[in-house]
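There are 2 protein chains.
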Amino acid sequence: MAQSKASAQAPHPLTLIPGPVEFTDEVLAAMATPSQSHVSPQFVEVYGDALALLRQLFINTDKRAQTFAIAGAGTLGWDFVAANLIEPGEDALVLHTGYFADSFAECIATYGGKPTQLKAPIGDVLTLDAVESALKQKKFKIVTITHVDTSTGVLSDIKSIAALVRAVSPETLVIVDGVCSVGVEEIRFDDWDLDLVLTAPQKAIGVPAGLSIFIASGRALDVFRARKAPPTSYYASFAKWLPVMQNYEAKKPSYFSTPPVQNIHALLASLKQILAVPLADRFAAHARMSNRIKSTIANYGLKQVAVREGYQANGMTAVYLPEGVALPDLLPRIAKRGIVLAGGLHKEIATKYFRIGHMGVSVTDEDRDDFDKALAAIKDSLAEAGYTI
Amino acid sequence: MAQSKASAQAPHPLTLIPGPVEFTDEVLAAMATPSQSHVSPQFVEVYGDALALLRQLFINTDKRAQTFAIAGAGTLGWDFVAANLIEPGEDALVLHTGYFADSFAECIATYGGKPTQLKAPIGDVLTLDAVESALKQKKFKIVTITHVDTSTGVLSDIKSIAALVRAVSPETLVIVDGVCSVGVEEIRFDDWDLDLVLTAPQKAIGVPAGLSIFIASGRALDVFRARKAPPTSYYASFAKWLPVMQNYEAKKPSYFSTPPVQNIHALLASLKQILAVPLADRFAAHARMSNRIKSTIANYGLKQVAVREGYQANGMTAVYLPEGVALPDLLPRIAKRGIVLAGGLHKEIATKYFRIGHMGVSVTDEDRDDFDKALAAIKDSLAEAGYTI
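Just so you know, the protein sequences line up as chains A and B, in that order.
The numbers in our numbering rise by one with no breaks, and the one at position 187 of the first sequence is 187.
The numbers in our numbering rise by one with no breaks, and the one at position 258 of the second sequence is 258.
I should point out that these hints are in silico values taken from the structure, not numbers from a laboratory.
Hints may be right or wrong, so weigh each one.
Mimicking BS3-like on lysine-lysine, the simulated pairs with C-alpha atoms at most 27 angstroms apart in a straight line are [unchecked claim]:
| # | chain 1 | residue 1 | chain 2 | residue 2 |
| --- | --- | --- | --- | --- |
| 1 | B | LYS251 | B | LYS228 |
| 2 | B | LYS272 | A | LYS240 |
| 3 | A | LYS114 | A | LYS347 |
| 4 | A | LYS303 | A | LYS252 |
| 5 | B | LYS114 | B | LYS141 |
| 6 | B | LYS114 | A | LYS114 |
| 7 | A | LYS252 | B | LYS336 |
| 8 | A | LYS240 | B | LYS240 |
| 9 | A | LYS352 | B | LYS251 |
| 10 | A | LYS347 | B | LYS252 |
| 11 | A | LYS240 | B | LYS119 |
| 12 | B | LYS141 | A | LYS347 |
| 13 | B | LYS119 | B | LYS352 |
| 14 | B | LYS352 | A | LYS119 |
| 15 | B | LYS114 | A | LYS240 |
| 16 | A | LYS141 | A | LYS114 |
| 17 | A | LYS347 | B | LYS240 |
| 18 | B | LYS141 | A | LYS336 |
| 19 | B | LYS272 | A | LYS228 |
| 20 | A | LYS114 | B | LYS352 |
| 21 | A | LYS352 | B | LYS336 |
| 22 | A | LYS252 | B | LYS347 |
| 23 | B | LYS352 | A | LYS252 |
In this text, all values refer to a predicted model and were calculated from it rather than measured experimentally.
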């Protein structure tokens, strides 16, 4: 069984998919924290610290913004947006670079918003001109951007799009789906004047799945406060959670729904590890690993789903299968070598490609050789499947 | 620091509140399971087994029903009910025995349902006559019952209420909030003809918070399938999760939103421990401990919030403070002795009582002396606070 040199964990297949990723020993130990009351001074301290460190991860110092970490999933972040920042009948512009925009649009429609999708060709990004002309067609309450679409590995330029939105339609809230980007791609929440970035723990944050994590700007919270009608979700309501988050960050216990104590301990453990080195170094390490994987894949003669240089994710790579090799020919052979990769997800091309996740400790811990093993496993398995590099 | 004799966990205060409870070493070890893909054969097996064992916990064999375990919280179970089993404009009868009925009613209203609350006096239950006459006033799509209200410790007779609903209003769905009852109070889902029982892991199931757990009957799922309009939540949608749960239970991978892999491992670990002994023995052990705690509290001269014998929870006790002793006089003194108890929650009497949770391993493991310590700590702290028993 493949196993990293640097881990004390029991031997297990290396999970190198676009989330969940491999976790550090310290994060897993925090998941096993003995029981604590959710309103105990010990846990209030942990929750408050985690919310404060999340600000650093989002490069946020403006206290009118608020970080949130709530039991749930990345998906639940869409409900928070759709139920709090847009009201029934209002318009949303959904920038589409893959599978996840379809889902976000469906979520917005579920709560009565009116999504308009602007779609890029598979594997490509939208031009700023296309976004600008869409923005001018009507007044959009929100625009949503998938920073990294996990189904394609396409990286959107959220900084430029946010600046464009602010210039063309200043009141429109800029919502970033950062599920596969927070912790691996640069995001400067305050500087880039973003309104909400949502994410999940099991990707570049390096914490087991089970949380919905996001940050909302002062502008977004003001839009929420000015709603004509209450939020259209009970569990995913800013009205319920905003005071709870504010209280915990101020180190005061608060209650709406029992928080996932162990998952929050794990979040704090990982944030401490992440923030122990400058974020710029973390992003650079991921970029180096991404370049290495992408160039090796190219040397194997394989093509990426994400076609445009400079718009390819640094935390994952989506790779078209070579002619004559199907997913069931490849992934089980790689799995036999102790490496778990992912199949396709974008429904129009799902059987034609596979995905490698390169985020978190497998990338940042230089004592680990996870991707030496993974790239060798891909090469050897392709050969076994009859593809000659 | 107080610590159970039987645990290998680091010394920590004993959490004896109405959830989260103390966890077994095996459950905490499962929380630290190394990373697994959410669609790996290993995890599919674990998720499927957990869903199947949940059926045993609910004493369910009718396969038209379906168990669910989803990242979230007990609270999210209310959203699942309100967004899937009732449509905007339809009526709900909410039987009120404490704080949590107010919240459930608010959740129903959030999604457009029309809740009618039938309120018992604080600490008491509703008579069947009162429920019957309310049921006859209009056609209710659902009736909700809090099995154990965690704010009062009142235990409702869900078997008799369910039978009454079925007799008087056969099409009305019977919804049980079992957050503080599943795993400690008898619930016979099929025999009692219930439609949905929702719960959370951190109480008598003995698993860290972070999941919404429920079972829905074939009748409830048919009502869902016959909706005139789609569910009014995206994340809390049966349309999204029902096929996922069915697939995992059939040991097939499925995807809507990444499940909390480690929390599901912990759920399976705890269900295996719970179901290793007959449920009747488990319920009896909790009843014995509850009787012991309630009679000791009475010997201390203290009164319970739940006033009616036979309608008092077996997993928690809500205790009025004696004259002249306030919560800040008592709980910190108990905490100094290494025992964490909870304050009041029912808003009308919140400062006047405290709560003891007696669920899970602290009750069932005969090698543990958690409640010897807790009862002694209460007695000694009362004395220190100036109350003579």
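Outcome of the hint check:
| no. | hint | verdict |
| --- | --- | --- |
| 1 | B:LYS251 / B:LYS228 | violated (32 angstroms) |
| 2 | B:LYS272 / A:LYS240 | violated (35 angstroms) |
| 3 | A:LYS114 / A:LYS347 | holds (23 angstroms) |
| 4 | A:LYS303 / A:LYS252 | violated (52 angstroms) |
| 5 | B:LYS114 / B:LYS141 | holds (10 angstroms) |
| 6 | B:LYS114 / A:LYS114 | holds (26 angstroms) |
| 7 | A:LYS252 / B:LYS336 | holds (20 angstroms) |
| 8 | A:LYS240 / B:LYS240 | holds (24 angstroms) |
| 9 | A:LYS352 / B:LYS251 | holds (24 angstroms) |
| 10 | A:LYS347 / B:LYS252 | holds (18 angstroms) |
| 11 | A:LYS240 / B:LYS119 | holds (24 angstroms) |
| 12 | B:LYS141 / A:LYS347 | violated (38 angstroms) |
| 13 | B:LYS119 / B:LYS352 | holds (21 angstroms) |
| 14 | B:LYS352 / A:LYS119 | violated (59 angstroms) |
| 15 | B:LYS114 / A:LYS240 | holds (20 angstroms) |
| 16 | A:LYS141 / A:LYS114 | holds (10 angstroms) |
| 17 | A:LYS347 / B:LYS240 | holds (17 angstroms) |
| 18 | B:LYS141 / A:LYS336 | violated (52 angstroms) |
| 19 | B:LYS272 / A:LYS228 | violated (49 angstroms) |
| 20 | A:LYS114 / B:LYS352 | violated (49 angstroms) |
| 21 | A:LYS352 / B:LYS336 | violated (62 angstroms) |
| 22 | A:LYS252 / B:LYS347 | holds (19 angstroms) |
| 23 | B:LYS352 / A:LYS252 | holds (21 angstroms) |
Checked against the numbered hints above, the structure violates hints 1, 2, 4, 12, 14, 18, 19, 20 and 21; every other hint is satisfied.
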